[in-house]
Each structure stands twice: as structure tokens, then as C-alpha cells.
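Chain by chain, the residues:
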Amino acid sequence: MRLLASLALQNLGRRRARSFLLIAAVAIGSGVVFTGATLMRSIDDSMAVGFTRLGADMMVAPEGALTNITAALLTVEPTDLVLDADVLAKARLASIARAAPQKIVRVEHSGIGSHHELVDLIGIDPARDFTIQPWLREKLNRELRAGDVILGVGRDAPLGSQLLIFGKSHVVYGKLGRTGVGTHERGIFMSFATLDALAASMPQRPAVLAPGKVSGFLVELAPGATALQARFAILSAVRGVKVVTGESSLSGIRQGLAALLKGILALMMLMFASMAVMVSVLFSAIVTERRGELGMLKAIGARRSQIVGMMVVEAVIATGVGGVLGVTLGILVMRFYERSLVYYLENIGVPFVWLDLPRTVAFAAAAIGLAAAIGALGAFYPAWRASRRDAYDLVRGEG
Amino acid sequence: MLACRQVSKSYRTERGLVTAVAGIDLDVPAGRFTAIIGRSGSGKSTLMAMIGGLSRPSAGSVTVDGTDIWGLSDNALAAFRNEKVGYVFQFASLLPTLRLIDNVALPAMLGRGQGASGTYARAAGLLERLGLGAYLDAYPAEISAGEQRRVAIARALINDPSILLADEPTSDLDEQTEIEIMDVLRAVNREVGTTLVLVTHNLALAGQAQQIVHIANGALVA
Ligand SMILES: Nc1ncnc2c1ncn2[C@@H]1O[C@H](COP(=O)(O)OP(=O)(O)O)[C@@H](O)[C@H]1O
Ligand SMILES: [Mg+2]
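Chains as they are written, first to last, in my numbering: chain A, 7 to 405; chain B, 61 to 282.
Honestly, I wouldn't trust all of these hints.
What the hints assert, rightly or not - Computed list of lysine to aspartate or glutamate pairs in DMTMM-like fashion (alpha-carbon distance at most 25 angstroms, straight line):
| id | chain 1 | residue 1 | chain 2 | residue 2 |
| --- | --- | --- | --- | --- |
| 1 | B | Lys144 | A | Glu344 |
| 2 | B | Lys144 | A | Asp396 |
| 3 | B | Lys144 | A | Glu299 |
| 4 | A | Lys181 | A | Asp396 |
As the list claims (entries may be wrong) - Residues of chain B placed beyond 10 angstroms of chain A at every Cβ, according to the derived structure:
| id | residue |
| --- | --- |
| 5 | Ala119 |
| 6 | Thr123 |
| 7 | Leu170 |
| 8 | Leu233 |
| 9 | Val252 |
Derived from the structure by calculation, the hints contain no laboratory data. In this text the structure is predicted, and so the values were computed from the model without any measurement. Built from N, CA and C at the ideal position, the CB exists for glycine as well.
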């Protein structure tokens, strides 16, 4: 009802200072909760780093290869050690669903980036790859072909533009989204054929660019197979390899952080609980203060639902506005501290990736919804109790 | 037709049980002008509140047009207050944040199924009849106490009630304003045939009523 809604609004306007304080308190509470939840999920997601995020369960690399799993680089370090491209296929392992071969070459003086920059050129088999192409954020409207390259998010060049590698012209076919995985961010991806064609231009021909050789495989487990089973099967069937699983990588840090995050979660719950108590205390007082008016409304025929509805609408407007403000503030704060936060996390070995947009929006909606719900609940009980009283008692200032 | 049967009201207080109304029988035929008189604290307001559906009796019944109003559900009782009764309080009772026209229209807007435009036209017409046509958009604080009481009467009339209950509507007003307000109430009673129950301690006013009910200590005085 329009008149009751405008009454609710005007009541908020009648006590500017109090409404402002209520809105501010709810804004702080829901801002903290929204920011905390978003950061928490972002960090937790970011901790699940490496090829697990890329969609693989494990990686098979030459035994002697350095697999750097402490820092952001969670792929095989480029080495001269190589595997035969068909080792896994020949072994016919039931626990493996898919295996994507990769050739990784780290080069200098390639003409990309600054003069001495080490650049990872990564060869993939487009038909078998399942960890790179799903991350394509934008691409040309055609198949990947010889001479095409895909850029990690850390490299900037327009789609379809020319890119010289060792003096040879390539076309920027696509760009990857942000994954937080080091090699992905700075890497340049291409088909095996494109990479092989570059071998002649390199100072010395890397061993992995020989036909039939690869740097390693990213492996997806068959449904129902465990990492332990697969690891055992691979190691007993194939000589000279090592198996790296993603989970082990940062589990120590992750556990510590998980405990911390649980603590933050508990704090957030307390925050919401105290907000709920505060709102209901405040609205008990507001209802008491306004009982004469409520009694008058009741006397002229307002139904109980209309009286309760008016008070609830008033509370929901205040706490809902508080929630919107809080989320807005939270976004501003996160934007403001983004740089130092990302820097700090990457320093302790956690490549940071913001939560994706749909989930961030869901969190924002949840924070605002919770704030509004707290308003509704806080106002409902005192309003419901008052609405039960006789109109005459309310008008006389009792109840 | 309005009928009270052994209607009583007691309040639990710190000093024990206070009986404000103690078993009153009262019949008011439709369309009649009835005055209730009695000393302050005799139970007049409490009786009016029980008749108007504002205060639940501790015992006894109030029947309006054959309906025992205190046997109704919450919503049906709200509808009764909304449609059947116009209540004019002893004190200022307008909602301060609403314009006069909104205050008058409010009871109709609270009820079911009335178009807003028709309601507002009616509200404006009532305010005009009561000499407040120039103040439709004003707020209660911008007009005098007597004018506010007239707006309260307009509000009480917006839903064409069958009973108009006025509890000392002029006690805090000057004599000239009192006469004006009483003229309005009596005109409604006479012209529309609305039952009028008026609480007053002005015996001259009471003398104009068709029926006088005298209350002392919560009971009728013969
Ligand atoms: N809510 C209440 N609690 C306690 N006593 C009340 C209450 N309402 C009225 N009374 C008492 O009931 C008696 C009648 O009051 P009231 O009906 O207002 O009288 P009147 O309108 O004739 O002046 C008074 O003694 C008054 O103090
Ligand atoms: Mg009285």
C-alpha cells in the first residue's frame, strides 16, 4: 500500500540521526561480511593453485625435472629432459582418462619482451589439450592453425596482430583469462608444428623439439580412479618419470589459512548476530515510541498485517540501504587495497585471483539480502507484539 | 442498532484490579443522537473504546447491527473499525507526516477495493465541506487545533460509517470552535442519519441529544 510505504519512509526521515546511525551500523557490518567472504573465497580458490585449477589432476614429468611447486610456477620447469610422446598411450592405463602432452622451451633473446627476458614457449596438441584452450577468453573466429600463438593474460597484444618470435611472423590467435598459474600468465602457446618450426631459429636446438618427444603430460583421472591408484599405475608401468599431484602443493599453508578463515567466518557470524540483536532492540524502542501512532492506525481500521508490514518495510529499507552501502564500501576498499594485497599474497607464494564475477555478485546479493532479512526479523517481533494490543491501550501509550 | 450487554472492563494495575466499567447495559437505536455524561474518570472513554472495537471488554458483549463485534476475528474486527465506525478522539490524532488529504483518505486506502482517485475526490469534498478546502496539501502542524479536529471528523466520515463515536471532541477547544464542531457532528447525524454517540461534560450540549446516558463509577445512573 502506497500510503503505508510512504509513512514508513517518512518515519525514517523524521529521525534523521537515528536512521543514519542504523544505516551506518548495518553498512559496516554487511561491508565487513561481504568483504571478508569475498576475500576468503578468493584466497581459498587461489590456494587451489596449479594444474588442478587448470582442470588436470596430476602431471607426469621426466624423473629429473625440477617441478617447482612452492612458488606460483606450478608446471614443469623447462629442462633438457624429455619423455617419449607415446609413453602413456603405450602403457594403456585404466586410471587415466585423458593426458595432454606439452613441450616447454624457455628461451632468451626471442624478440619478445625485454632483451634478456626468459620466455616460455609452450607447445600443445590442440586436439588433446584440455588445460589451455578452456581458458581462452577471446579468440579469432576460426580454428587454431600453424603460425598462430595464444598469449597468457600477462602479455598484451591485440587479437589478430603480428608477433615476431625469433624474427618469424606469428598471428595472435587468442588470449587466456587470468588463472593465477605462473606459466599460464606469461607463456606463449602454440601447436607443436608451430613450435617445431621455430627450432631452426634458436641458438641451439632444444632436445624437446625433436619429433616424438615431450616435456610432460597433464593428466585427468578416469572417473572413480584415485590419485594414489593412478600414481602407482604410472610409476610401475613407465620408467624414468615422476608424478606430481596438485593437492600436495601448498597443503601446509592451505591448512593454516583454512583455520584462520574459519576464525574469520566465526567472527562474521558474531557480527551478524550482534547486528540482529541491535536492530531488534532499536526497533523495540521505535515501536514503543510510536505506539500511539500504531494505535491510531489500528483504530481507523488498519489490519495487523498492515501495521506489522509498515514497520517491517521501514526496517528493511533502512537495513537494505545499509547493506547496499556496505557492499559498495567493501568493493571500494578491496579495489583500494588490491595492489598491496595481491603483492603480499604472491610474496608468500599464493598467486592471487579475484573471485569470478557471478560469485562476487552472489555474495553481494547475499550480504544485502541478509542485512534486509535482519531488518525484517528485528522489526517483525516488536511490531507483531504491538499489533496484538488493543488499539485503545496503544493510543493511551501503554503496551 | 447498537447494544451493550453487561459490558465491563477491569485493568490490572500495581494497586490491584481497577474496574473502569462495571456491567453496563445500553441500547442505541440506529440514527439516534446519544450523549454520554459523567465525571472525569467515570469510565466514559473506556465504554466508547469498547463500543468502537478499540478495547476488548473483560466481560459482556457489544452488538452492532446484530454482530457481536468482540467475537469477530482480528481482520473482521479491523474491517468493522474501518467501515462501520468513525472515531473522533479527545486529542489530536492525525498522523503528522501525512498531508491533511492523505490523513482523511487513509481509512479508505487501508480498506479493500477502493479506487484511489475516487477516494481522494471524496476526501477533498469532505475537507471542503468542513471549510478546509484551501489546506488539502498542508500538514497537521500547519493548522490550528480546531481545524485539526475538523480534519479528524472528515477522516471519521470518509468510509460512510453507520456509527460516529466522538469522545469529548471539543474539550480542549475554545467555545466558538466547540459550537462549530458540534454543528458539524449534528449535521451528519441529522442529514445522513449516522448514529452519533457523543461524550461530553457540557450539559447544554447533552441537552440537545435524544438520549442521555449518565455514568458514575463505571455504572449507569438511573
Ligand atoms: N489502561 C488503564 N490502566 C489502568 N486504569 C485505567 C486504564 N484506562 C482507564 N483506567 C481507569 O479507569 C477509569 C475510567 O477511565 P476513563 O474511561 O478514561 O474515564 P473517563 O473517560 O470517564 O474520564 C479511571 O479511573 C482510569 O484511571
Ligand atoms: Mg475520557
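Taking the hints in turn, this is what the structure says about them:
no.: 1; hint: B:Lys144 / A:Glu344; result: 65 angstroms, violated
no.: 2; hint: B:Lys144 / A:Asp396; result: 18 angstroms, holds
no.: 3; hint: B:Lys144 / A:Glu299; result: 21 angstroms, holds
no.: 4; hint: A:Lys181 / A:Asp396; result: 70 angstroms, violated
no.: 5; hint: Ala119; result: 15 angstroms, holds
no.: 6; hint: Thr123; result: 19 angstroms, holds
no.: 7; hint: Leu170; result: 5 angstroms, violated
no.: 8; hint: Leu233; result: 19 angstroms, holds
no.: 9; hint: Val252; result: 19 angstroms, holds
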